[in-house]
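*Asks:* Spelled out, the chains give:
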Amino acid sequence: MASGTTAGPRPVRIEVSGLTKTFGTVRAVSDLGFTVEPGSVTGFLGPNGAGKTTTLRMVLGLITPDAGSATFDGVPYAALREPVRTVGAVLETAFHPARSGRDHLRVYSRAAGIPVARADEVLERVGLTTAGRRRAGGYSLGMRQRLALATALLGDPPVLVLDEPANGLDPEGILWLRGFLRHLAHDEGRTVLVSSHLLSEMEQTADRVVIVGAGRLVRQGSITELRSGAQGAGTVLVRSPEADRLVAVLSGAGLAATRGDDGLVTVEGATPADVGARAFAGQVELHELRAESTGLEELYFRLTAGQEQFSAGAAAPGATAVTTEGASR
Amino acid sequence: MTALVRAEWTKLFTTRVWIGLTIGACVMAGGFATLFTALAGSEQDGGQPGLPAVGTPQYEELAFSVAANASVLLLILGIIGMTQEYRHRTATPTFLTTPRRGRVVVAKLLAYATAAVPIALLVLAVNVVVVLVYAGARGAAPSLGGDNLRTLGAGGLVLVVFAVIGVGVGALLRNQVGAIVGALVYLYVVEPIISSIGAIQGAYKWLPGGAVQAITSDFQAPDLLEPWQGALLLVGYGLVAALLGTLLAVRRDVS
Chain A
1 MASGTTAGPR
11 PVRIEVSGLT
21 KTFGTVRAVS
31 DLGFTVEPGS
41 VTGFLGPNGA
51 GKTTTLRMVL
61 GLITPDAGSA
71 TFDGVPYAAL
81 REPVRTVGAV
91 LETAFHPARS
101 GRDHLRVYSR
111 AAGIPVARAD
121 EVLERVGLTT
131 AGRRRAGGYS
141 LGMRQRLALA
151 TALLGDPPVL
161 VLDEPANGLD
171 PEGILWLRGF
181 LRHLAHDEGR
191 TVLVSSHLLS
201 EMEQTADRVV
211 IVGAGRLVRQ
221 GSITELRSGA
231 QGAGTVLVRS
241 PEADRLVAVL
251 SGAGLAATRG
261 DDGLVTVEGA
271 TPADVGARAF
281 AGQVELHELR
291 AESTGLEELY
301 FRLTAGQEQF
311 SAGAAAPGAT
321 AVTTEGASR
Chain B
1 MTALVRAEWT
11 KLFTTRVWIG
21 LTIGACVMAG
31 GFATLFTALA
41 GSEQDGGQPG
51 LPAVGTPQYE
61 ELAFSVAANA
71 SVLLLILGII
81 GMTQEYRHRT
91 ATPTFLTTPR
101 RGRVVVAKLL
111 AYATAAVPIA
121 LLVLAVNVVV
131 VLVYAGARGA
141 APSLGGDNLR
151 TLGAGGLVLV
161 VFAVIGVGVG
171 ALLRNQVGAI
181 VGALVYLYVV
191 EPIISSIGAI
201 QGAYKWLPGG
211 AVQAITSDFQ
221 APDLLEPWQG
231 ALLLVGYGLV
241 AALLGTLLAV
251 RRDVS
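From first to last, the protein sequence lines stand for chains A and B. Using the working numbering, the letters of the first sequence correspond one by one to residues 1 to 329. Using the working numbering, the letters of the second sequence correspond one by one to residues 1 to 255.
In case anyone wonders, no lab produced these hints; they're calculated from the structure. We treat Cβ as the ideally placed atom computed from N, Cα and C, and that holds for glycine. The reader is advised that the hints may include incorrect statements.
[Claimed, not checked] Examples of chain A residues toward chain B, derived with CB under 8 Å: (1) Leu60; (2) Ile63; (3) Val75; (4) Arg81; (5) Val84; (6) Ala89; (7) Leu91; (8) Phe95; (9) His96; (10) Arg110; (11) Gly138; (12) Pro241; (13) Phe301.
[To be verified] Estimated spans, in silico, between C-beta atoms of each pair: (14) A:Thr130 to B:Gly31: 41 to 47 Å; (15) B:Asn175 to A:Pro11: 38 to 44 Å; (16) A:Gly127 to B:Val17: 36 to 42 Å; (17) A:Glu124 to B:Leu149: 39 to 45 Å.
Work out the full structure, taking the sequences as your base and the hints as a guide.
*Replies:* Set out below in structure tokens:
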């Protein structure tokens, strides 16, 4: 609890239940329910077009759901007495291009009844102090994301809702964002709900994930729970100075091991633990031992496979779903 | 509400749109005043009477009502003020900050009505200075009292109300280019046609253009409302546009 920036905001819980929204004939979100707890980062995970943005906009009262509700400690967003001081949202990088980032923040400080000096504080917090006086139209995508985050922080809210905030960030920015979100949740006790279509990103950022596919809840739970539930066999890659002997040892143990041209041994239907144990028993020296894809990744693909509304061919690991999000913007 | 109105002023004055439109409005008012004064008293080809001569009440009314011609620029100011929220997608942070969206539209109406007052005064000042100096040079500077003051006040009222109508139209149509083009086509194509076709001419006095004419000039066309009726009608148009715009803004999804 060593933050010093806040005296710990009151914990606020997000509860979503039965959310449903149909656009024309497309059922974008279907009877979706989940909870988001304070003090942790919850990843809202799903392929493009799974209804993540629509859900977040319904949670924030921007889109009216056909059915269901979303509340912050029991209160819907539109009924919050001080919305900006309760929930900060990063939905899209929307700024007037001719207005400086600082003026943008001052506008929303004024509207929310927050002292305008707060604009400079949040600019500093996201590292935009110098760029803040320039026109937002000239900002890079990463700077826009930072300004959007600064806007969300204006009211020092106990809840943060972010829609794909890592989009457009460079690796350094992603690393910074990851640390920043975890700090906000773990050290400052805030409730952080962050959407992404990238499992790898969420694995490193989130404590819990809510997985959606085709507008429906697929699974929710902690990363650890999902990982232990997903300890199924996958593809394991091994490197050894005695590759041929390794293949022999593994094959002898009943594992499907093949040696590639580069000396890398591929083992199908195994876990790194299996392979390591066999190699140790056979006294083969190993230089590298890793799962090609984590069990969680395979679980994610399996859970959401075929659930994209517009999937490109057979939805397999790595298959690219045609995004529907561009069309809705 | 005060905080919201101040936020709208900050939005308005932290971009440069208002500067261009204010300068444009001043140039229009000054330009028309110069033109009408220069041509005052000249006869058209064929000996028909042209513009009234300097020194006549008709000239003074004409010269002091040119500010209303700049009303289209305040209409555009209002339209841009509202539609930029959708064009640049700032409607999202705006409605997140103020989930009761009706309050946003009301704040914008108040902010633009109040911001339009000093702009209108500036336009009127340019109008007055040009007329006093030029007409004075041509021999008869008009007095600034009685009917002339009333004409100026009417022009100022038209400017302010058009800014309010602009906000309402913007909330209604949301598409910036569409709203501006639509407003220009309406004012410069549809209304002139209606006013020139005998069978439907009677409807013209009930339209915004007819209301403006009723307010600013009471001698040209006999088939117009009284000035005060025109003023009420014009304010009514502004409020109806704003009310419809508010209702739609509250109901429509922001995505």
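*Asks:* All hints are to be evaluated individually against the structure, with a verdict given for each.
*Replies:* Here is how each hint holds up against the structure:
Annotation: interface hint on Leu60 (chain A) holds; nearest CB of chain B at approximately 6 Å, less than 8 Å. For Ile63 (chain A), the suggested interface contact is upheld, since its CB lies about 4 Å from the closest CB of chain B, less than 8 Å. With a least beta-carbon distance of about 11 Å to chain B, the hint placing Val75 (chain A) at the interface is violated under the 8 Å criterion. Nearest Cβ of chain B to the Cβ of Arg81 (chain A): about 11 Å, over the 8 Å cut. The hint is violated.
The restraint placing Val84 (chain A) at the interface with chain B holds, with a minimum CB-CB distance near 5 Å, inside the 8 Å limit. Checking Ala89 (chain A) against chain B: minimum C-beta separation of about 5 Å stays under 8 Å; hint holds. Annotation: Leu91 (chain A) was flagged as interfacial toward chain B, and the flag holds, the nearest CB pair being 5 Å apart, inside 8 Å. A least Cβ separation of about 7 Å between Phe95 (chain A) and chain B falls short of the 8 Å threshold, and the interface hint therefore holds.
Checking His96 (chain A) against chain B by beta carbon gives a least distance of about 5 Å; that is within 8 Å, so the hint holds. Interface restraint check: Arg110 (chain A) against chain B, minimum CB-CB distance 4 Å, threshold 8 Å, status holds. The closest approach between the C-beta of Gly138 (chain A) and any C-beta of chain B is roughly 14 Å, which is over the 8 Å cut-off, so the hint fails. Interface hint status for Pro241 (chain A): violated, as the beta-carbon distance to the closest one in chain B is roughly 58 Å, over 8 Å.
Nearest Cβ of chain B to the Cβ of Phe301 (chain A): about 28 Å, over the 8 Å cut. The hint is violated. At roughly 43 Å, the beta carbons of Thr130 (chain A) and Gly31 (chain B) sit within the given window of 41 to 47 Å. The beta-carbon spacing between Asn175 (chain B) and Pro11 (chain A), approximately 43 Å, falls within the hinted interval of 38 to 44 Å. Remark: the range hint 36 to 42 Å for Gly127 (chain A) to Val17 (chain B) is contradicted by a beta-carbon distance near 30 Å.
The hinted range of 39 to 45 Å is not satisfied by Glu124 (chain A) and Leu149 (chain B), whose Cβ atoms lie roughly 53 Å apart.
The structure fails hints 3, 4, 11, 12, 13, 16, 17 (numbered hints given earlier, in ascending order).
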